[in-house]
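A.B. asks: Note that the protein sequences, when read in sequence, are chains B and R.
Residue numbers for the first sequence follow the working numbering, beginning at 1 and rising by one.
Residue numbers for the second sequence follow the working numbering, beginning at 487 and rising by one.
FYI, nobody ran anything at the bench for these hints, they're computed from the structure.
Among the hints, a few may not be true.
Claimed, not checked - List time: in silico PhoX-like cross-link candidates among lysine-lysine, alpha-carbon distance up to 20 Å: (1) B:Lys-480 x B:Lys-446; (2) B:Lys-378 x R:Lys-526; (3) B:Lys-301 x R:Lys-526; (4) R:Lys-564 x B:Lys-92; (5) B:Lys-66 x B:Lys-108; (6) B:Lys-408 x B:Lys-446; (7) B:Lys-108 x B:Lys-85; (8) B:Lys-412 x R:Lys-512; (9) B:Lys-384 x B:Lys-301; (10) B:Lys-286 x B:Lys-473; (11) R:Lys-526 x B:Lys-384; (12) B:Lys-85 x B:Lys-59; (13) B:Lys-301 x B:Lys-408; (14) B:Lys-85 x R:Lys-564; (15) B:Lys-59 x B:Lys-92.
Unchecked claim - Covered, in the sense of this in silico footprint (three residues per stretch, anywhere, with C-beta under 8 Å from a C-beta of chain B), are these stretches of chain R: (16) 513-525; (17) 531-538; (18) 569-580.
Cβ atoms here follow ideal geometry from the backbone N, Cα and C, with glycine treated the same way.
Okay, here's what each chain looks like letter by letter:
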Amino acid sequence: MNNQLSQLSLLELSQLLEAQEITAVELMETTVERYRQLDSDIKSFLYFDLDESLETAKKQDSLERKSALHGIPLAIKDNISRLGKPLTCSSKILAGHRPPYSATVVEKLEQAGGIFVGNTNMDEFAMGSSTETSAYQTTRNPWDLERVPGGSSGGSAAAVAAGIVPAALGSDTGGSIRQPAAFCGVVGFKPTYGRVSRYGLFPFASSLDQIGPIARTVSDVAFLTELLAGSDSRDSTSLDSPVPRYLEQLQPRAEGLTFGIPEEYFGEGVDSDVRQIIQQTIETLKQQGAEIKTVNLPHTKYAISTYYILATAEASSNLARYDGVQYGYRADEPDDLIDMYSRTRAEGFGPEVKRRIMLGTFVLSSGYYEAYYGKAQKLRTLIKQDFDRVYEECDLLLTPTTPSTAFKLGEKIDDPVQMYLSDILTASTNLAGLPAISIPVGQDSKQLPVGAQLIGPALSEQTVLNAAFMLEKQSQWDAKIAPVQA
Amino acid sequence: MAALKQEISQLATLGRLNLTDEEEKKFAGDLQEILEFAEKINEVDTENIQPTYHALPLENVFRDDVCQPGPPIETVLKQAPASIDGYFSVPRVIDRE
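Produce the complete structure using the sequences and hints provided.
C.D. replies: What follows is the structure in C-alpha cells.
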C-alpha cells in the first residue's frame with residue numbers, strides 16, 4: 001500500500017481520503033516513511049516536522065473536510081514564511097530564524113486543509129540554477145544521483161519527483177520553478193506576475209519573483225494554482241482580476257489554437273536529444289489539430305544579460321536588509337555599526353550571493369547606472385514587445401524548458417556565465433511577466449527527463465494549462481515517479 | 487573595464503561586504519567576465535525606447551489607514567540578535583564625548 005500511495009497524484013490521494021479509504025494519518029505515515037527511506041540520499045528537505053506533521057494529520061482526520069487539499073502533505077521552498085517555523089533561504093545569515101508571520105499562500109493552503117511537512121533546499125536566496133549554492137547541503141536529482149536537480153527550487157522538484165510529497169511550492173525569478181521541474185520530470189508552473197501574492201516570500205528580485213506550484217500532474221497544478229491565486233491587500237503588485245476555476249475548466253485542448261515555435265529557442269546551445277523530443281511534441285500538437293507557426297523573438301539573445309543586470313540590481317537592494325539588526329546572524333563583537341554590517345554580511349552570505357551583490361551594486365553605481373541598469377530596462381521593453389508581437393498571430397509558444405537535461409554535480413558551479421546560461425530559455429518570460437509551464441514530455445538517451453515549456457500571454461493561465469493537459473495525455477509520460485530506491 | 491579591479495573594494499564598501507584579498511581578486515575576475523558577456527546589450531540601439539520597470543501596468547493601490555494587529559513585539563524581538571527594553575540593540579553609533 002505504502003509504495004502505491006507515493007505513486008498517486010494529489011487529486012487521486014484526495015479521492016481516497018474523501019472516500020475514507022485512507023486516513024490523513026495513514027497518508028502522513030507513508031510520507032514520513034518515504035522521506036526516511038529516500039531523503040538521506042536525495043537531501044531534498046532542509047528539515048521535516050515528523051511529530052507535528054503526524055499531529056496535524058490526526059487533527060485533520062477529526063475535522064470535516066475543508067477542500068480537496070484536506071489532509072494532503074505538502075513541501076515548501078525555504079524562502080516562504082510560515083509563522084514560527086525555521087526559514088533560512090538556504091543561507092547561514094538566516095540560521096535560526098523563525099518568521100513572526102505566515103505568507104498569504106501558506107495561509108490559503110493551510111485554510112484549505114493542506115499540511116506543510118517541511119522546508120526544501122534551494123540555492124542560497126534563490127541565486128543559482130542547480131541548488132548547489134545552498135549553504136547547507138547538496139540536493140541530488142532522483143533520476144540520477146550524480147546530477148543536479150536544477151534550481152533554485154531544486155529541493156521542491158526533487159521531493160515531488162521522488163514521490164515523498166505529491167506537490168510543493170517553489171518560486172520563480174528567472175526559471176527557478178520550471179528549470180528544476182524539467183530536470184526532475186515533474187510539472188512546474190509560474191503564473192503571470194502578480195497572479196499569486198508574494199507576501200511572505202523572501203524577495204530576490206521583486207519585479208520578477210512569482211510563487212507557483214510543482215506537482216506530478218497538470219490537474220494537480222491547475223487545482224493548486226486556483227487555491228494560490230488572487231489579489232492580496234498585503235501585496236500591492238498582486239493582480240485584482242477574478243480567479244477562474246482552472247481545474248473545473250481544465251480540458252485537453254490544442255485544437256483551433258495556433259502555437260508559435262520561436263526559432264531563437266532552438267539555437268545551437270540546445271542539445272540534439274532535447275530538440276528531437278520537442279520536435280515530436282510539435283508533431284503531437286499538429287495531430288491534435290493545432291496550427292504550428294514559426295515565429296521570431298529577435299531580442300532573446302539579450303535576455304540573459306538583461307536578466308542578470310536587472311535581477312542582481314534588485315537583489316543588491318533587497319538584500320540590504322540582512323544587516324544583523326532585526327533578525328538573523330550578527331558577527332561577534334563588532335567594533336562599530338559599519339563593522340557589524342560588513343562582517344555580518346561577509347560571514348553570513350555565500351560566494352554566489354556576494355558575487356551578485358557586487359554585480360548589482362556595480363550596475364547601480366553612479367557612472368555605470370545608465371550604461372547597464374538603464375540600458376537593461378530598455379532591453380526589457382524590447383523583449384516584452386517581442387512577445388506582444390507574436391501573440392498577435394499565435395495563442396501560445398512552445399519551446400524546450402532547458403537547453404540540456406540535468407547536468408552533473410559540480411559541472412558548472414565554478415563558471416558563473418555557464419551557470420547563468422541555464423536560464424536562457426526561461427528568463428525572458430519573467431522579464432515580460434508571462435505565465436509559463438514546464439511539463440515532462442520524454443526522456444533523452446540517458447533516460448533523463450526532458451521538459452517542454454508553454455508560454456502564454458498575461459493571464460492566459462487556463463489556455464496554458466489546457467494545452468499542457470493535452471500534451472500530458474499524449475506524451476504517455478503518465479506522472480512517472482523517479483526510479484529511486486531506498 | 488580595466489578600472490574594475492580598483493573599484494572592487496569601493497563596491498564592497500558600498501555593498502557593506504568585508505571581502506578578503508582573495509575574494510576581491512576572484513570577484514574582479516568574475517565581474518569582468520560577466521560584464522563582458524552582458525555588454526552584448528550595447529549592440530542594440532535603444533535611442534527611442536522607454537524603460538520597463540515593471541512587466542505589467544501597475545496602479546497605486548490605496549486603502550484606508552486603519553490600525554491592525556501585528557505580530558507581538560516579544561515575538562519579533564526574539565528574532566533579533568540583540569535587544570534591550572523592547573528595542574533592537576546595535577553597537578554605539580555616536581561617540582560619547
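A.B. asks: Confirm or reject each hint.
C.D. replies: The hints, checked one at a time:
Proposed proximity of Lys-480 (chain B) and Lys-446 (chain B) is supported: the alpha carbons are some 16 Å apart, at most 20 Å. A hinted pair counts as satisfied when its Cα atoms are at most 20 Å apart, and Lys-378 (chain B) with Lys-526 (chain R) qualifies at roughly 14 Å. Between Lys-301 (chain B) and Lys-526 (chain R) the alpha-carbon distance is near 9 Å, which keeps this suggested pair within the 20 Å criterion. With a CA separation close to 18 Å, the supplied pair Lys-564 (chain R) and Lys-92 (chain B) stays within the 20 Å bound.
Of the supplied pair hints, the one linking Lys-66 (chain B) and Lys-108 (chain B) holds, its CA atoms being roughly 12 Å apart against a limit of 20 Å. Straight-line distance between C-alpha atoms of Lys-408 (chain B) and Lys-446 (chain B) comes to about 12 Å, which keeps the hinted pair within the 20 Å bound. Simply put, Lys-108 (chain B) and Lys-85 (chain B) have alpha-carbon atoms about 17 Å apart, close enough for the 20 Å limit, and the pair holds. For the hint linking Lys-412 (chain B) to Lys-512 (chain R), the alpha-carbon distance of about 16 Å falls within 20 Å, and the restraint holds.
Restraint check: the Cα-Cα separation between Lys-384 (chain B) and Lys-301 (chain B) comes to about 13 Å, which is no more than 20 Å; the hinted pair holds. For a cut-off of 20 Å, the pair hint linking Lys-286 (chain B) to Lys-473 (chain B) stands: about 15 Å separates their Cα positions. Distance restraint check for Lys-526 (chain R) and Lys-384 (chain B): the Cα-Cα separation of roughly 18 Å lies within the 20 Å cut-off, and the hinted pair is therefore satisfied. Restraint check for Lys-85 (chain B) and Lys-59 (chain B): the C-alpha separation of about 19 Å stays at or below 20 Å, so the hint holds.
Straight-line distance between C-alpha atoms of Lys-301 (chain B) and Lys-408 (chain B) comes to about 25 Å, which puts the hinted pair past the 20 Å bound. Simply put, Lys-85 (chain B) and Lys-564 (chain R) have alpha-carbon atoms about 13 Å apart, close enough for the 20 Å limit, and the pair holds. Among the hinted pairs, Lys-59 (chain B) with Lys-92 (chain B) is inconsistent with the structure: their alpha-carbon atoms are about 34 Å apart, more than 20 Å. Here's how the region 513-525 of chain R fares: 9 of its residues keep a CB closer than 8 Å to some CB of chain B, so the rule of at least three is met and the hint holds.
Closer than 8 Å: that is the beta-carbon criterion, and the region 531-538 of chain R has 5 residues meeting it against chain B, so the requirement of 3 holds. Figure legend: the region 569-580 of chain R, annotated as covered by chain B; annotation consistent (5 residues with Cβ-Cβ distances under 8 Å, at least 3 required).
The structure fails hints 13 and 15 (numbered hints given earlier, in ascending order).
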